[in-house]
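Protein chains: 2
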Amino acid sequence: MGTWFTEKQTENFGITAKINRTLESKKTDFQQLEMLETAEWGNMLVLDDMVMTTQKDEFVYHEMVAHVPLFTHPNPKNVLVVGGGDGGVIREVLKHPQVEKATLVEIDGDVIEYSKQYLPEIAGKLENPRVDVQVDDGFMHIAKSENEYDVIMVDSTEPVGPAVNLFSKGFYEGIAKALKEDGIFVAQTDNPWFKADLIQQVVSDVRETFPITKVYTANIPTYPSGLWTFTMGSKKYDPLKVSEDRFHELETKYYTPELHHAAFALPKFVKDLTK
Amino acid sequence: MGTWFTEKQTENFGITAKINRTLESKKTDFQQLEMLETAEWGNMLVLDDMVMTTQKDEFVYHEMVAHVPLFTHPNPKNVLVVGGGDGGVIREVLKHPQVEKATLVEIDGDVIEYSKQYLPEIAGKLENPRVDVQVDDGFMHIAKSENEYDVIMVDSTEPVGPAVNLFSKGFYEGIAKALKEDGIFVAQTDNPWFKADLIQQVVSDVRETFPITKVYTANIPTYPSGLWTFTMGSKKYDPLKVSEDRFHELETKYYTPELHHAAFALPKFVKDLTK
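Residue numbers (my numbering), protein chains in the order written: chain S, 1 to 275; chain A, 1 to 275.
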């Protein structure tokens with residue numbers, strides 16, 4: 001049978017993956033970190049017993065966090081990624097030639113270091129000259145930023161442990177302040193099957209701060225329920241009113257301009273959470 | 001810890017669900033059947049160690065198999081469901097008032113009986129006067145039908161065991177013959193993460209038989225990868241050209257007219273399988 005890693009996604013349900021070997025297991029300053037070589041998903045980053053990313057399915061999350069807001073904004077020059085120490089969102093951000101600077105603020109330097117070592121095709125763009133990597137508290141970084149960013153992506157862990165502040169109304173207000181007058185932000189906001197209450201709360205909070213609030217989804221097999229939501233708050237631009245000529249060619253495995261629109265068509269029970 | 005049911009969706013990956021109790025465990029004439037009371041998903045029907053349906057997430061599959069073709073066809077009077085002994089597709093089919101007759105051909109009578117007993121809100125419409133339940137071989141039923149049905153749905157198990165014939169080119173040719181001149185069929189065609197080859201083969205086979213061949217997806221948390229595909233073969237009607245006024249009100253939890261269209265916008269790596 002061998003060794004298996006099991007994530008209990010709820011008290012009563014989980015996923016289980018065969019492990020070839022454990023590459024790292026470390027208590028960092030902020031969380032328990034495991035880097036596992038799995039037989040199905042390639043190398044897998046696990047934080048506090050939750051799958052963060054795997055080599056095989058990481059493209060879905062990273063493409064959908066990055067490209068939806070970056071195509072919605074007509075000229076995203078200055079981009080901030082909060083969290084995302086594996087570097088996957090940064091890699092996708094850099095595919096947009098208009099982006100002049102991409103700042104990554106990750107609280108846990110070990111996530112960055114181990115990702116560089118074991119997830120090179122994900123973290124490989126962190127040394128790019130357009131990228132500024134800061135090992136720092138994203139909440140504090142947002143609090144001291146004003147009228148600075150065109151697009152902010154919140155690529156956090158779940159709202160337990162180090163990321164708990166990143167799901168608060170005060171944080172969304174800080175993001176609004178940190179964005180320019182036509183800025184956009186996107187946050188990963190968990191799944192509607194097990195975390196319906198969270199999504200309702202986030203959408204309600206974001207809506208009080210941003211004139212345009214929209215939820216979209218993507219299929220991520222190693223995340224709870226496989227159906228992931230992203231919540232966008234936008235000051236000016238509607239993600240569903242992007243002119244077709246703005247979708248420049250991009251090498252992707254999940255995102256397409258057609259899917260950009262379709263991802264906002266929510267299943268009825270998810271749509272009901274956003275009312 | 002208690003008792004857990006684990007489905008190995010691949011050799012190296014699976015889902016695991018806590019079991020309150022095993023309601024039935026039986027070797028039927030065709031397969032191993034378990035009816036489990038789970039803590040997360042309610043009652044769960046398992047055939048040959050594969051999750052078929054659960055009380056909590058069954059609506060996704062059943063709504064998406066039924067409503068996409070039934071809204072694509074302008075006047076579906078005579079409908080056939082191959083497989084689907086749990087009755088969930090039939091329940092959704094009956095929501096369409098134009099349907100005069102819905103025939104269910106399920107090879108394994110035990111699936112029907114245990115579903116009636118333990119999944120009453122799924123199987124509860126099987127006694128409806130518009131429904132004709134036949135315990136019979138779906139492949140043979142198709143072979144002897146000609147110019148008879150407006151819509152055929154293939155709600156089969158995976159292409160192992162009793163359903164192996166239901167994924168063959170000969171079967172799709174039989175379906176084309178069994179359909180009227182403007183008929184439509186839909187089959188569940190597994191997931192693109194672990195069964196890419198199957199999807200490519202099915203799409204290629206269906207395309208040789210039907211002028212309009214389209215793939216759409218839905219999120220089903222208890223199915224492998226959570227991303228499920230359905231392949232539609234249509235003789236005349238394009239599912240993406242349904243006039244808006246045809247979408248009559250329907251009580252659903254997943255399907256919406258907006259999602260009807262969006263479900264055909266495939267992730268890039270899935271779209272590539274259908275080329």
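Keep in mind the hints are simulated off the structure, nothing from the lab.
Source: prediction; values computed, not measured.
Check each hint, because a few of them may be wrong.
The list cannot tell twin chains apart, which means a pair is met if one copy fits it or any two copies do.
Computed cross-link-like contacts, PhoX-like style, restricted to lysine-lysine with a CA-CA straight-line distance of at most 20 Å [claimed, not checked]: (1) Lys253 x Lys8; (2) Lys195 x Lys241; (3) Lys236 x Lys180; (4) Lys56 x Lys268; (5) Lys95 x Lys235; (6) Lys195 x Lys18; (7) Lys271 x Lys253.
Hints versus structure:
For the identical chains of this complex, Lys253 and Lys8 are neighbours neither inside a copy (28 Å) nor across copies (26 Å), given an alpha-carbon limit of 20 Å. For the identical chains of this complex, Lys195 and Lys241 are neighbours neither inside a copy (29 Å) nor across copies (35 Å), given an alpha-carbon limit of 20 Å. Taking the shortest Cα distances, Lys236 and Lys180 sit within 20 Å of each other inside one copy (10 Å), while across copies they are farther apart (51 Å). In this assembly of identical chains, the alpha carbons of Lys56 and Lys268 lie at most 20 Å apart only when taken from different copies (15 Å versus 29 Å within one copy).
Neither within a single protomer nor between protomers do Lys95 and Lys235 lie at most 20 Å apart by alpha-carbon distance, with minima of 24 Å and 41 Å respectively. In this homomeric assembly, Lys195 and Lys18 come within 20 Å of each other (Cα to Cα) only across copies, at 19 Å, whereas the closest approach inside a single copy is 27 Å. Only between protomers do Lys271 and Lys253 lie at most 20 Å apart by alpha-carbon distance; the minimum there is 10 Å, versus 26 Å within a single protomer.
Of the numbered hints stated above, those contradicted by the structure are hints 1, 2 and 5, listed in ascending order.
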